[in-house]
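**Q** Since chain A is already given, all that's left is putting chains B, C and D with the ligands on it; use the hints.
Chains as they are written, first to last, in numbering that gives the first Met the number 0: chain A, 0 to 447; chain B, 0 to 447; chain C, 0 to 482; chain D, 0 to 482.
Honestly, the hints are just simulated from the structure, not real lab data. Note that the structure is a prediction, hence the values are computed from the model and not measured. One should not assume that every hint holds.
[To be verified] Listed below are the simulated DMTMM-like cross-link pairs for lysine to aspartate or glutamate, each with C-alpha atoms no more than 25 Å apart in a straight line: (1) A/K284 with C/E10; (2) C/K202 with A/E52; (3) B/K433 with A/E52; (4) C/K41 with A/D126; (5) B/K37 with D/E345; (6) A/K12 with C/D368; (7) B/K403 with D/E95; (8) B/K12 with C/D12; (9) C/K225 with C/D374; (10) D/K121 with B/E52.
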Amino acid sequence: MRYLPASEEDIRKMLGAIGASSVEDLLASIPKEARLQKPLDLPEAVAEPVLRERYVTRSVRNSSPTCRPCFLGAGAYDHYSPAPIDQLLLRAEFFTAYTPYQPEMAQGTLQAIFEFQTMMADLTGMDVSNASLYDGASATAEAALMAHRIHKGKTVLVARSVHPAYREVLRTYTRRLGFTIQEVPFGQDGRVDLGALKAALSPDVCLVLVGDPNFFGVVEDLQAVAASLEGAKKPLLGAVVSEALSLALLEPPGARGADLVCGEARSFGLSLGFGGPYLGFITTKQAHMRQLPGRLCGETVDAEGRRGFVLTLTTREQHIRREKATSNICTNEGLCMLAATIYLASMGRKGLRDLAVQNLSKAEYLKGALKAKGITPLFSGPTFNEFAVKLPVDPAKANEAALKSDLLGGYDLSKGYPELAGGCLLAATERVSKLACDRLAAVLGGLS
Amino acid sequence: MRYLPASEEDIRKMLGAIGASSVEDLLASIPKEARLQKPLDLPEAVAEPVLRERYVTRSVRNSSPTCRPCFLGAGAYDHYSPAPIDQLLLRAEFFTAYTPYQPEMAQGTLQAIFEFQTMMADLTGMDVSNASLYDGASATAEAALMAHRIHKGKTVLVARSVHPAYREVLRTYTRRLGFTIQEVPFGQDGRVDLGALKAALSPDVCLVLVGDPNFFGVVEDLQAVAASLEGAKKPLLGAVVSEALSLALLEPPGARGADLVCGEARSFGLSLGFGGPYLGFITTKQAHMRQLPGRLCGETVDAEGRRGFVLTLTTREQHIRREKATSNICTNEGLCMLAATIYLASMGRKGLRDLAVQNLSKAEYLKGALKAKGITPLFSGPTFNEFAVKLPVDPAKANEAALKSDLLGGYDLSKGYPELAGGCLLAATERVSKLACDRLAAVLGGLS
Amino acid sequence: MSRIEEKLLFEKDHPGRVGASVPPCDVPEVSPEAAFGALARKAPLTRLPEMSEVDVVRHFTRLSTYNYAVDMGLYPLGSCTMKYNPKLNEEVARLEGIARLHPMQPESTVQGALELMDTLQKALCAISGMDACSLQPSAGAQGEFTGVQLIRAYLESQGDARKIILIPDSAHGTNPASAHFSGYAVEEVKSAADGCIDLEALKARMGPDVAGIMLTVPNTLGIFEKNIVEICKVIHAGGGQVYVDGANLNAMMGLARPGDWGADVMHINLHKTFTTPHGGGGPGAGPVACKSHLEPFLPRPVIVKRDGRYAWDCDRPRSIGKVHGFFGNFLILVRALCYIETMGGEGLKKSSELAVLNANYIRARLKDDLPLGFDGPTLHEVVFCDKGLPNGITTMDLAKRLIDYGFHPPTVYFPLIVHGAIMIEPTETEPVEELDRFVNAVKAILKEAAEDPELVKSAPHTAYRRRLDDVAAARNPKLTYKP
Amino acid sequence: MSRIEEKLLFEKDHPGRVGASVPPCDVPEVSPEAAFGALARKAPLTRLPEMSEVDVVRHFTRLSTYNYAVDMGLYPLGSCTMKYNPKLNEEVARLEGIARLHPMQPESTVQGALELMDTLQKALCAISGMDACSLQPSAGAQGEFTGVQLIRAYLESQGDARKIILIPDSAHGTNPASAHFSGYAVEEVKSAADGCIDLEALKARMGPDVAGIMLTVPNTLGIFEKNIVEICKVIHAGGGQVYVDGANLNAMMGLARPGDWGADVMHINLHKTFTTPHGGGGPGAGPVACKSHLEPFLPRPVIVKRDGRYAWDCDRPRSIGKVHGFFGNFLILVRALCYIETMGGEGLKKSSELAVLNANYIRARLKDDLPLGFDGPTLHEVVFCDKGLPNGITTMDLAKRLIDYGFHPPTVYFPLIVHGAIMIEPTETEPVEELDRFVNAVKAILKEAAEDPELVKSAPHTAYRRRLDDVAAARNPKLTYKP
Ligand SMILES: Cc1ncc(COP(=O)(O)O)c(C=O)c1O
Ligand SMILES: Cc1ncc(COP(=O)(O)O)c(C=O)c1O
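Just chain A, with the same shape it has in the complex:
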């Protein structure tokens, strides 16, 4: 077996050095009653050439957005990942290393983390960032736990317009911890209903979570939300970003009253990957640094006084603080973080902005094309690269029709929002052409 270097001869020699007569001897500490007495119920080993063909077969049984323009967003946006990224990720020095526990032989990884933290803090208008969390959903949940540590309250107000899956993970993470998760409805404009929000406030509210843009693609007026929170025992305001590219065009949440930003940075150079691995993150103000979950990289010097980087503030973490840690996370999304760092360095401030403008423009074009066919937005608030519309037929049916025209249609809003039956969420990134938008408008406009 090509992954197992030990030859029969090696095994014999090693057993000799150990003083054992067989490998079975070495397993004697496993009590008989705990031993498996039969072979594993798994197929036989498959040779490499045959197995590769099997995956090609599996692959062609799927249909990727390469062949079909993709109007699906809903937390996963079809962006292009420049070619250098994957080839750099595959450098064995990055790819087959682990968490930089020994900083002297992991400065490559550490410097990249430091760069990532710096860029994410800058993009979100915050002071500090962690080195990644699993994904946008768990980052949102971790933000709640973090806010509780800071504020002590146990109620979280979450806008109903936050990504449904994020809200669900938030509930899973907090359900057994005595938290109250209360949803705040949205208005006609798709934005959080400020009246309802104010009404829901209490001294126990540690965090208010608002999507930015929210699940409907609508950009919230964070400043107004922040203003409505003023008062004693003011909760933290958390902006949930599931389309990180929007950060290029929006005044950063940190400058609009948010105390923390949590979310998903997959748009920065990662493939759609059927949902994972993605790239969760939290950024926040300096004051809350020590309550951040996840790894942090900090600058220091070596014995010769040269700049270097280490994992720092590790007393927040489970391996030191155990049950009192700020999170249980250990393995994070290191390589995804590296991809995002390479992506952001490649795009630069101008490239990222140009790309974001293009996303905005495509979505506005699609909006217009649909309007011309009588299909209008569900909400009046401004949107970035995604928006909700009301379809004349069941969105599932509409998607079938789109698929027949080789288009991946939108997200059926009734799945998360029964009150929005007939609503459909459509995203338009730089990868859908004008022609594809026109084709989609024709398909959807022709239904009834």
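**A** Coordinates of chains B, C and D with the ligands only, in the frame set by chain A:
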């Protein structure tokens, strides 16, 4: 433009340092009448995401053996390349370096060449190997030039059963040099006709070239060929190997009377690549070492006495000897050589033999399956993984039928051998299944 | 040809350079000001550098040369199972129809992906002896959290609101943290002198307040929990549930299965046992496998097969809910399945046997040089302690000096119950020569420690950086670049 | 963390290990003895090592760390155009329907590949100002050979059997070698004091025995052949043909075209001007472009379009024949086209302008430190000489010391007409900071040469190996491993 780092500001500063007022100034040495006065007639720059899609489109307009079992050989055999090879080739340290002119910073490349030379010499039963030539065809031509330098004669006898393209390149390379290239016919067994060979011998014959296996897949009796060459001014015997995998199962040409082996080692880990880049080589006996074309790597020591490697015997080469060099080659097939080295190290002596046995077995199975349908071999000589048959219909027609059944049929022998009209060359490697062989036999057996 | 000192991206920011190409826009351009009014960005993006593609490629290529990695040699981090990451996995995970699927595509367009996930779930059940599996957790810790949630949901569904989880003192920090975030109080169980759990003490402690136990088997000393079957019985008899931390599954594939012992739920680290790359810290995947009584509570959605077609079932009223935004780290799952299919059942068993052999070989070759943390027989890893290191040399010094010898150091100072722990897990993918090279390096360092202690204390000497000052970093944290 | 000393494969041979998997055989096994009788292999394969996959991966990963490469920094090998190799090219060259085509597949199944080749041919014609193109030659030298063959075939078809090719003394060694292997006698043309050809001398020499001239433009000094148009006229008037060695095309894309000057044929190094990777020595591609009078002689087959479909035309009775077993280095051609399509015409022009700017920047910054080989204005490269190096320091010493500063040295001792030539071609893909870093290194070394010459003479000090003994290697050649 992402490949051009100079910003407008850089350009201004650099011009300042140079003391020029514009880039145009720097071009002043190109006389006006030599300057191009209009834009290049080329399409505009294409953005990366768009261009990648264009290549996907080009790619799907072809149909690769991934989806269609391939019975085509004719000098290019469909073998599997284990996954580590390409990922190691892509290591920038190998991929983006050049010829190891500065050995102290190219020991990686040099050690690999030394390993390649050693393995090729071993496989062919020779003492020395060069570090690659362009491909099997040009290696065959270079072998003729080399034999002439050794023997002084100017006539080359080449078996008509040597790959037609190799023979053509041989002619191209020697046509203007006063060589006589004379073909030696094949017999009923597909082997070189020894009587005709003996009849063609003369003191001017510097080289006899025999395919091993030859273009019809037939294994020659090199020893008998060698025996027939005995006598005064004995020519060199060169074995032309276009399916290097056969070396694993055949007594090496060096042990069967050959003085040199030239050919193609693409089967060792390179992709089919629509014909290139491939991997030419020549191996020979120690005595002829200084007449080898191409780069050679030799062992030496560094200033501290440690083993190291350098390009050596460079006085054979064009950059030193100019028109008196053993060849004009400069850039060779370095990365292909590295792929072959990794491949051979991965397969090992047992793996390579097992694979070769499997190739032999598949081809013999296909022979049997065709015989059962009344399709018989053209020649009686033993074959490795390829053999010629007589088809009941025009092979081009037969291939169309095969294609309809999603099979890539064989090579129409009438293309190179008008005398073999109706003949078809079929290869069977480890990548065609028994089922595919049966399907091909059914298709071909069903024609008339 | 020393390593090139590469500055930070922000120090390389070079306005006017472009590192990627944005396609021309084929629709009318909309300005952010027009779209967003006052919400449009005014703040400059100070820290997004402008660089050309070659600048970017060189930056990260140079950074990479400061790292050590499995592809360069032994990386014996105990508890991390730093196996070789097969290259085939990388090829298949990059196929267009695998890498580029949108998670919300219609089921009809992702049948290959769903079949793949279903096949992996079944394989993990076969390996663990469990009945059902969820692929959602993104790593081991999230798997633990998910598993403990299953226990809690199950117990609560039985009307049983126990509040305590028992965890041995040798456990990894994620265990108490995961139990804590599930709302449980953690009670530490002291290890006995043989490194195992004291069965009698456990029996005495088990009671109606205990929801269950989290056990790592073999434990973090590499010792198989000798009374595991009995322990399961004791916990079950007391009304609790047994969680197994599968981080050390590499010791026992095909040899022993938690499901057979009576364990109720476990997580499996695909980035350890199943060769998916560690990626400088992740991403991994931590699927959870459980017995059928816990299945109704698994994260939703789950894969079902209806009329020969795969589908997502979201209608899972007793589910603990989602733990991932979508379905888990799919591209990691692909790699793990590719590995399992490469190995087959026999191959996996052989892997575990050889992992045990390799660890015991190191143990045998070093046991006269370094004292063991605990004496008993060990499986896939071995833990030494710092007792007897001469001249004030610490475990950390030894670790840093190993860097000079071209090795990644072992895990150090964990498990906490071993003084100055040196925890070595070679894995089965290490050839014996590499183990010998490592053993000889340790022996050479111990000699240096006796004869030239300063050399060891001031290590590393040949890395890109000398020893880095953690204390200064934590005292005055600089987490982002400031010029 | 110094570099790990990796042995030779043969020293790592470990019988019983397996590094690749051969699928099980689904047909009856045939033994070689049964098939081949006495011809079956009896000799053992002594030098095919048995290693596991991890052994192989580590072996070559470790070897790679001994190399320097473009992705790590400036690689200013003059005449080699060591540009950045775009990563996109690598992605597209690996698409299944591009990388895995059999060269003999029916034309109907390779339309995409043929379209691609046709598009590249047209692009190269546009860039060179020529009428036709063959993609067969595998590298520059084979392109030269092909081009000279075209000239010879053409002249012979006119009944004109001239025997001499003129080649300047500054030419690359491949030029005389290629002319020689085309059966021509080579006559060297001395360069004038300005580095160019002496037009009057050429006029005097041109005669009915001269088949043509091979010129590199700009020449290997980086100097544009100022009388090129006149030279073409002189040669043509004398009945000869003009060959242009396109190795230096990177100086003039979109700026000047050999076809416009009157040149008849040229080769183009795709691995130089068109960014295909150098791969540690190759593979490259050296397409030949020519005027229409030479087209009938191009290597066969040629691509034609019939009824909207691409096809191979083999019926080319006047062709010089094939120079490649199939159609050329297709996967290199793919990369080159991808680059051309990325850049567009304007982008290519800009590239050449910046290549010239970069070279002139280095020239300006070093001209007070190192004397120029020739004084005239230069384009994309600059050649210094060793005059005035202090304390017996040679060009080679300077080169080796640059290694310690983290650079690949320039081309040295070529062109032959410059004493101790130091030939620097930075290319346009180098950022100015990298040029500055290089210039500063050269200045620092010159200072060392004056103050501490031994340091320079004994360089390199920090590479994987100290200076290697070429002489010993050649005196007693060891070309294969012997234990
Ligand atoms: C014993 C043990 N349990 C749990 C974990 C946590 O796994 P992960 O890092 O995948 O979250 C680890 C990680 O090192 C471990 O060693
Ligand atoms: C001026 C010149 N001509 C020709 C060649 C030969 O090209 P190739 O190495 O591609 O055969 C070179 C290669 O360095 C060169 O510099």
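**Q** Measure nothing beyond the straight line between the CA atoms of C/K225 and C/D374; if it is 25 Å or shorter, mark the hint as holding.
**A** Status holds; Cα separation ~14 Å.
**Q** Taking 25 Å as the top limit, are the C-alpha atoms of A/K284 and C/E10 close enough?
**A** The hint holds at about 24 Å.
**Q** Taken at face value, is the distance from the CA of D/E345 to the CA of B/K37 at most 25 Å?
**A** Judged against 25 Å, a Cα distance of about 11 Å means the pair holds.
**Q** Next pair to validate is D/K121 with B/E52; report whether the Cα-Cα distance is within 25 Å.
**A** Roughly 21 Å separates the two Cα atoms, so the pair holds.
**Q** Would the pair A/K12 and C/D368 pass a check requiring their Cα atoms to be no farther apart than 25 Å?
**A** 20 Å, holds
**Q** Does the alpha-carbon distance linking B/K403 and D/E95 stay inside the 25 Å limit?
**A** Between B/K403 and D/E95 the Cα gap is close to 21 Å, so the pair holds against 25 Å.
**Q** Verify the proposed pairing of B/K433 with A/E52, using a straight-line Cα cut of 25 Å.
**A** Holds. B/K433 to A/E52 sits at ~16 Å (cutoff 25 Å).
**Q** Below or equal to 25 Å on CA atoms is what counts here, so check B/K12 against C/D12.
**A** 17 Å, holds
**Q** Hint check: C/K41 vs A/D126, CA-CA at most 25 Å. Holds or violated?
**A** Cα-Cα ~18 Å, so holds.
**Q** Holds or violated: C/K202 and A/E52, Cα atoms, limit 25 Å.
**A** 53 Å, violated
Going through the hint list in order, the structure does not satisfy hint 2, though it satisfies all others.
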